[in-house]
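So the protein lines, in turn, are chains A and B. Mapping of the first sequence onto the numbering used here: position 59 corresponds to residue 59, and the numbering continues sequentially without gaps. Just remember that the numbering used here sits 308 ahead of the position in the second sequence, which is counted from 1.
Certain hints may be false.
Chain B residues, not near chain A, derived (Cβ > 12 Å throughout) [claimed, not checked]:
(1) Glu-316
(2) Lys-490
(3) Leu-516
Computed spacing ranges between beta-carbons, pair by pair [said to hold, decoys possible]:
(4) B/Val-395 / A/Met-108: 50 to 58 Å
(5) B/Ala-455 / A/Arg-303: 49 to 57 Å
(6) B/Ser-500 / A/Ile-238: 53 to 61 Å
(7) B/Ser-500 / A/Leu-7: 41 to 49 Å
(8) A/Thr-230 / B/Asn-347: 37 to 45 Å
(9) A/Asn-197 / B/Thr-449: 41 to 49 Å
(10) A/Leu-89 / B/Ala-455: 45 to 53 Å
(11) B/Arg-529 / A/Ser-116: 22 to 30 Å
(12) A/Arg-303 / B/Glu-447: 22 to 30 Å
(13) B/Glu-419 / A/Pro-292: 17 to 25 Å
It is worth saying that the hints were derived from the structure and are not from the lab. Since the model is a prediction, treat every value here as computed from it, not as a measurement. Here a beta-carbon is modelled for each residue, glycine too, at the ideal position from N, C-alpha and C.
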Amino acid sequence: MAGVLLLLFVLQFILPAYHHSTFSKIMVLASYAMGFNILLGYTGLMSLGHAMFFSTGMYATGISVYHFGYTGIPALGIGVLCTVLVSMLLGLVALRTSGVSFLIVTLMFGQAVFLSILYFDQFTLGQDGFTLTKELEPLVLGNASYSYTDPTFKYNAAWFLFALSLVITNILILSPIGRVLIAIRENEERTQMLGYNTYLYKLFAMTLSGALSGLAGSVHALLFSYVGATFAEIHHSIAPLLWTLLGGVGTTLGPLLGTGIMHYLIDFTSGWTSAYLLIVGAILVLLVIGAPQGLMGLVRQKRFPWLP
Amino acid sequence: MNTLLKTEGLSKHFGGLQAVEGVDLDLNEGEIRAIIGPNGAGKTTLVSLLSGRLRPSSGRIHLNQKDITSFSASRKVQFGIVYTFQVTSLFFNLSCYENVAIAVQGCRAREEGFLPRRESDIRLNVRKVLEQVGIQENEETIAGNLAYGHQRLLEVAMGLASRPKLLILDEPTQGLAESEIKHFCSLIRGLSDSMTILLIEHNMQVVLELAEQITVMDQGRILAEGTPSEIEANIAVQESYLGG
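Using the sequences provided together with the hints, build the complete structure.
Encoded structure:
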C-alpha cells in the first residue's frame with residue numbers, strides 16, 4: 001500500500017503533461033470509487049445512487065464558492081458536512097430495505113437529487129452548471145499561495161485525497177467495526193444473532209461511504225473548477241460500480257486499478273472509433289467472465305492471499 | 309432454584325396455522341431441558357420466539373423477571389439468550405478464527421460498552437472457545453471447507469463465545485456420526501455448570517442422556533413435562549412420539 005502511494009507520488013515527476021493531468025483525475029475518481037467500495041465491497045450493500053453523494057459534495061462546495069465567496073478549505077468542509085447529512089438521512093430510509101429494493105431506493109433518491117439540481121437552477125445553473133475559475137481564490141499556506149488549477153498542485157492534492165481515502169479504508173477494515181461490516185456482508189442474520197444491531201453498523205458504513213464519495217466530489221469541484229449536472233446523472237452512479245467490479249470488489253486497491261484501466265480503455269478506444277463503448281463493453285464482459293472477483297481479487301486469490 | 313426464563317401463554321400464528329399455542333414454559337437456572345415432539349410440533353417456532361427471530365402473536369416472555377417479549381433478536385442476545393441454528397449458519401467464507409472472533413468481539417463490546425481494540429485479548433478468548441469444543445487445530449481453516457461435524461461444533465463455539473445465560477441448541481446432533489455425538493454430549497454436560505441449556509433433539513438417546521427435564525410438544529401445545537423417567541413412563545407420549 002505504501003509502495004503504491006510512493007509510486008503515484010513519484011510518477012508526477014516522470015509523466016508527460018497529458019498523463020499527468022489524467023492521473024490527477026483518476027486519483028480523485030478512484031477516491032469516489034473507494035467510498036462506494038466501503039458499502040459494496042465491505043458491507044455487501046449495492047447502491048445505485050452514489051452520484052447523489054458525489055454531486056452533493058460537488059454542489060455544496062461549488063455553490064459556497066460561487067454564490068457565497070467562500071475560499072477552498074471552508075467550502076470543502078461544507079461539502080463534507082452536507083454529504084454526511086445526506087448519506088445519513090438516506091441511510092435512515094434506505095437501510096430499511098435490502099437487496100434489490102435497496103438498489104431501487106438508492107436509484108430513486110439519486111434521480112431525485114439530479115432533478116433537484118435541474119429544478120433549482122437559480123443556484124445550480126441547471127444542466128450547464130458553472131465554473132469556479134474566477135471565483136475561487138488561491139489556497140494560502142503560510143507565505144506561499146497555490147492556485148487550485150495549477151497542475152502540480154492539482155496532482156498533489158489529488159494524491160493527498162487518494163492517500164487519505166486509502167488510509168481510512170485500511171483503518172476501517174482492520175478495525176473491530178470493519179470485522180462486523182464484513183460479517184454483515186457474509187451473513188447478516190447470523191451477525192444479528194451474535195448480538196449486533198446490524199442496522200446501526202450499516203448506517204455507519206453508509207455515512208462513511210457517502211462522506212468519502214462527497215469529499216471526492218468537493219475536491220473534484222475545486223481542482224477541475226467545474227460543477228455540472230452530469231455528475232449527478234445515473235451513469236455517474238454506475239461508473240464507480242464498474243470501476244470497483246473491474247478492479248476488485250472488497251479490495252482496497254481495486255478501485256484505483258479499475259478506475260485507471262477504465263479511463264485509459266475509453267481513452268484509447270475512443271481514438272479509433274466512435275463505437276468505443278461497444279469495445280469497452282465487450283472487454284468488460286470478458287473480464288467479468290474470466291475474473292468475476294475483479295483484477296485485484298484475482299491477484300489476491302492467486303498470489304497474495306494476505307491482501308486487504 | 310431460580311427461574312431463568314418464563315413464558316406465559318406464548319402463541320404464534322401463521323395465517324390460519326397455529327404453530328405455537330398457549331405455551332407456559334419455566335426454565336430453571338443451570339438445567340438442561342430437552343424439547344421433543346414430532347415434526348411440525350412447533351419446537352423450532354417456539355425457540356425462534358424465545359430468541360427473537362420471530363415475534364409472538366400473543367403471550368409474554370420473561371428473563372429473570374424482566375419482560376423481554378418485544379426485544380429484537382440482537383437485543384435478546386445482549387441479554388444472554390443465544391441461539392444456534394438448526395441449519396448451520398456460519399460465515400462460510402471466513403476462517404474459524406474470524407467466525408468466533410466476531411462473536412467474542414460482540415460479547416466483549418456488551419460487557420465493556422465499546423468495541424475492543426486489542427486483538428490479543430480477542431485471540432485469547434477465541435482460542436479458549438475453540439479448544440473447549442475441540443477444533444483448535446482448524447483455527448485457520450475457512451469455515452466452508454470444514455467437515456460437517458466440525459461446522460456444527462463451530463456453530464456451538466460461536467454460541468459459547470457469546471457467553472449465554474441460556475443457550476438454545478436446535479437439533480445439534482443432526483447429521484453427526486456416532487463418535488461425534490458422544491463428544492458432543494460430554495461437551496454439553498460440561499457446559500451446564502455455567503449456563504442453562506435448551507435442547508431440541510430427535511435423537512432419544514441424546515435426550516435421555518443429557519436432559520434433566522423433558523418437555524413434550526405436539527401441535528403447538530405442551531403435551532407433557534417431567535424427568536426422563538417420568539416421560540418414558542408416560543404412555544400417552546409413547547403413543548404420540550416414541551411410536552408406542
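Hints, verified against the model:
1. Glu-316: Its Cβ never comes within 12 Å of chain A, the nearest being 24 Å, so this holds.
2. Lys-490: 27 Å, holds
3. Leu-516: Fine: 29 Å to the nearest Cβ keeps B/Leu-516 off the interface.
4. B/Val-395 / A/Met-108: 50 to 58 Å: With Cβ atoms ~35 Å apart, the hint is violated.
5. B/Ala-455 / A/Arg-303: 49 to 57 Å: Given a distance of about 28 Å, which is not inside 49 to 57 Å, the answer is violated.
6. B/Ser-500 / A/Ile-238: 53 to 61 Å: 56 Å, holds
7. B/Ser-500 / A/Leu-7: 41 to 49 Å: 59 Å, violated
8. A/Thr-230 / B/Asn-347: 37 to 45 Å: Since the Cβ atoms of A/Thr-230 and B/Asn-347 sit about 60 Å apart, the hinted range of 37 to 45 Å is violated.
9. A/Asn-197 / B/Thr-449: 41 to 49 Å: 29 Å, violated
10. A/Leu-89 / B/Ala-455: 45 to 53 Å: Holds, since A/Leu-89 and B/Ala-455 (Cβ atoms, about 47 Å apart) stay within the stated range.
11. B/Arg-529 / A/Ser-116: 22 to 30 Å: 57 Å, violated
12. A/Arg-303 / B/Glu-447: 22 to 30 Å: With a Cβ separation near 23 Å, A/Arg-303 and B/Glu-447 satisfy 22 to 30 Å, so the hint holds.
13. B/Glu-419 / A/Pro-292: 17 to 25 Å: 41 Å, violated
Checked against the numbered hints given earlier, the structure breaks hints 4, 5, 7, 8, 9, 11, 13 and satisfies all the rest.
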